[in-house]
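Number of protein chains: 2
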Amino acid sequence: MSDLIQKAQLVKGTTTALGTSTTKEKNQALLILASELRKQTEFIVQENQRDIDNGRHNGLSESLIDRLVLNAQRIEEMADALVQLTELTDPIGKVMEEWERPNGLLIKKVRVPIGVVGMIYEARPNVTIDAASLCLKTGNAVLLRGSSSAICSNTALVKVIHDALKQSSLPDGAVQLIEDTSRQTASDMFQLNDYLDVLIPRGGKNLIDTVVANSSVPVLETGAGNCHLFIDESAEVQMAIEVAVNAKTQRPSVCNAVETILVDRIWAAQHLSKLISALQEKNVEIRGDTFTQKYGEDIHPVTEEDLYEEFNDYIVAIKTVESVQEAIDHINQYGTTHSESIVSDNEQHVVDFMNQVDAAAVYHNASTRFTDGFEFGFGAEIGISTQKLHARGPMGLEALTSNKYLLYGNGQIK
Amino acid sequence: MSDLIQKAQLVKGTTTALGTSTTKEKNQALLILASELRKQTEFIVQENQRDIDNGRHNGLSESLIDRLVLNAQRIEEMADALVQLTELTDPIGKVMEEWERPNGLLIKKVRVPIGVVGMIYEARPNVTIDAASLCLKTGNAVLLRGSSSAICSNTALVKVIHDALKQSSLPDGAVQLIEDTSRQTASDMFQLNDYLDVLIPRGGKNLIDTVVANSSVPVLETGAGNCHLFIDESAEVQMAIEVAVNAKTQRPSVCNAVETILVDRIWAAQHLSKLISALQEKNVEIRGDTFTQKYGEDIHPVTEEDLYEEFNDYIVAIKTVESVQEAIDHINQYGTTHSESIVSDNEQHVVDFMNQVDAAAVYHNASTRFTDGFEFGFGAEIGISTQKLHARGPMGLEALTSNKYLLYGNGQIK
Chain V
1 MSDLIQKAQL VKGTTTALGT STTKEKNQAL LILASELRKQ TEFIVQENQR
51 DIDNGRHNGL SESLIDRLVL NAQRIEEMAD ALVQLTELTD PIGKVMEEWE
101 RPNGLLIKKV RVPIGVVGMI YEARPNVTID AASLCLKTGN AVLLRGSSSA
151 ICSNTALVKV IHDALKQSSL PDGAVQLIED TSRQTASDMF QLNDYLDVLI
201 PRGGKNLIDT VVANSSVPVL ETGAGNCHLF IDESAEVQMA IEVAVNAKTQ
251 RPSVCNAVET ILVDRIWAAQ HLSKLISALQ EKNVEIRGDT FTQKYGEDIH
301 PVTEEDLYEE FNDYIVAIKT VESVQEAIDH INQYGTTHSE SIVSDNEQHV
351 VDFMNQVDAA AVYHNASTRF TDGFEFGFGA EIGISTQKLH ARGPMGLEAL
401 TSNKYLLYGN GQIK
Chain Z
1 MSDLIQKAQL VKGTTTALGT STTKEKNQAL LILASELRKQ TEFIVQENQR
51 DIDNGRHNGL SESLIDRLVL NAQRIEEMAD ALVQLTELTD PIGKVMEEWE
101 RPNGLLIKKV RVPIGVVGMI YEARPNVTID AASLCLKTGN AVLLRGSSSA
151 ICSNTALVKV IHDALKQSSL PDGAVQLIED TSRQTASDMF QLNDYLDVLI
201 PRGGKNLIDT VVANSSVPVL ETGAGNCHLF IDESAEVQMA IEVAVNAKTQ
251 RPSVCNAVET ILVDRIWAAQ HLSKLISALQ EKNVEIRGDT FTQKYGEDIH
301 PVTEEDLYEE FNDYIVAIKT VESVQEAIDH INQYGTTHSE SIVSDNEQHV
351 VDFMNQVDAA AVYHNASTRF TDGFEFGFGA EIGISTQKLH ARGPMGLEAL
401 TSNKYLLYGN GQIK
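These protein sequence lines are chains V and Z, in that order.
FYI, our numbering numbers position 71 of the first sequence as 71, with every residue one higher than the one before it.
FYI, our numbering numbers position 173 of the second sequence as 173, with every residue one higher than the one before it.
Careful, some of the hints might be misleading.
As the list claims (entries may be wrong) - What the simulated footprint calls covered on chain Z by chain V, stretch by stretch (three residues with Cβ under 8 Å from a Cβ of chain V suffice, anywhere in the stretch; the number is not a length): (1) 192-203; (2) 235-244; (3) 311-324; (4) 357-366; (5) 397-404.
Stated by the list, open to error - Subject to a maximum C-alpha distance of 20 Å in a straight line, what follows is the list of computed EDC-like cross-link-like pairs (lysine to aspartate or glutamate): (6) V:K109 / Z:E375; (7) V:K109 / Z:E242; (8) V:K282 / V:D345; (9) Z:K7 / Z:D163.
Just so you know, these hints were derived from the structure itself, not from any lab.
Since the model is a prediction, treat every value here as computed from it, not as a measurement.
A virtual CB, placed ideally from N, CA and C, is assigned to each residue, including glycine.
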């Protein structure tokens, strides 16, 4: 039997014990894990160094090496995050709804773990602890498949997890790492419907697209963000400029950063030059339509491809529009249904925008940078879903749960 | 451009108008459709007759022909169902949660339509009206792909839908039927991620398995039911027998009927012979373990395959067990996580069973036959989900919805 199937069976075998463990037991296990991470820092750093050495040997870029690094500070942050996780409300066992039928059947809808989560992820080894801890907190078993470049770090972290689970009352088989990091094991995971209830890819667009296209196990998709800001005719000038600069430049590499700014032509005629200056002061390259080009220097002509592009960089497209409707239509055509914002003082325009724009998060008078589990107040984040089934938008602990109906009768027959 | 892509674009183009239509507009469209169905009964019956003639010509069995038939009575029932649907609460627009963040951002989580639903289904043409009306009620556009054996009926029904939508304020492009019923169009639908938000297969196990294995569009899976009844040591005799007979024989062909009865040996020693007689009186074939065979005549030895089998017939497996734990373990191994029931007066056994059995619906002292959207009081049913993501168990209108976060600020930046 392959290592993959063997480990899949092992994790699945722990689901009943894990799913019925108490909040106290789960939190204790997380605290033990935090303590083991601190105790075994030296061992983890040493194993991580082997990945770094291999990475340098294989010519990995310094930015990828930086993602790989686990040092004392990063391990302390991981341990801290585990302690914080114990403070979050356990969603499992919560009665979501409860009603009685005319025949006397009492129906309770309760939150339960999903079961077995499969996680396929790239470089960052901290995902190993992050994914395992979120799954354990929600009573889910997890089968991990990280990248070959982080295999020594991931193996070390899972050893630490097992050391911790053995001291806890949770089954230590609940977290397993696939050590064979060949493409074949990832493809094999796509067909593990008998063992996995969901597959979560974490990494770049290629990884996610491959999983979505090939997995017959249901996928939780955390997709790209081609986000827009629309500056309405009635937008307050200072607010519009601050929101635009923040949404573009506060951290351009992330999915909730703005890629295209749509500007009403009337507002543009008066204030666009100020917006352009403010963006250029932050070293943002501007690609604008003909109208936009009149209001500044060094503006590249915007192309159709630019409007579909997630730059993830200090680049922004600016397009002027005649109306809020044109902005809405543009966003629904070019956007990726992630995060979209309007700055406006016109009530009807705001209502139309909020209702008609199809996205996980639609903002009025705020930066799109708040689409994030922590900023939403969830206390944890599995990722930001851009699909419409199961969970949409920032996913907290509840995204790792399902439901079960409990029906209490006294002999009801049909 | 293929007919498929053209129709997919057409339905997708209606989502904004449909998603923002009011409850009143949607209900009016459903009432007009009910009236058109009644008016055009003769036309529908005549087109349906062509499918029946083709079916007979192609040697379709009489039971399949029966599934095809649309007569005046069945059309009247369809129209009635539409009127009832208008009386159900519209889930769209409901504020599910609402909170304010420390920075003053107000976050509202609201119910929205999923967008575009793809429906792949077999013989029964009434699914055309059923699927279209549930989608319209929830503001979803729908791309229908029925079977070749019902193509004339489906085409006629979609013509009636278009006639109705043209008299309503909903976009008439919102419901489209793929007329090419080759296998290729079904396969092509599996890859329509740019147009479809979800694919719902309705039909036999083969159809569902094919869609799950091959679709990169997210699937709502309505799977098989290998359901169990466990009769505990403490079970009230009369209740246990009534529940067993009902769960097996009230309608053996459906997914929530019981396939295996697990009986505690102590109860069995005293009462199993009565249970066997009661089942045999209803012409149920019994396949039992060695212990069971002692308590009746004409009992076939049960095989390992029988225990995995969804008989969907007047056949039941009976297996005796030593404990509630053995019953739970058996169900979690052989079951399909659909509907499972315990008859018991022992409180601890009931708690263990309800908590540890992994299924969409777990019953105490009731027949499994209640796992059904109407029996749950949902007023409508899309199907019974056996997957854990998005929706689990009977799916009512809410299963056809997603959510959107609306964030209201006054210039918040990060």
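Consistency of the hints with the structure:
1. 192-203: holds (count 3)
2. 235-244: Holds, because 4 residues of the stretch 235-244 of chain Z bring their Cβ atoms closer than 8 Å to Cβ atoms of chain V.
3. 311-324: Since 0 is below three, the answer is violated.
4. 357-366: With 9 residues closer than 8 Å to chain V, the stretch 357-366 of chain Z meets the three-residue bar; holds.
5. 397-404: Check passed, 3 qualifying residues.
6. V:K109 / Z:E375: Holds, at about 15 Å.
7. V:K109 / Z:E242: violated (26 Å)
8. V:K282 / V:D345: Outside the cut-off at roughly 27 Å; violated.
9. Z:K7 / Z:D163: holds (17 Å)
Of the numbered hints stated above, those contradicted by the structure are hints 3, 7, 8, listed in ascending order.
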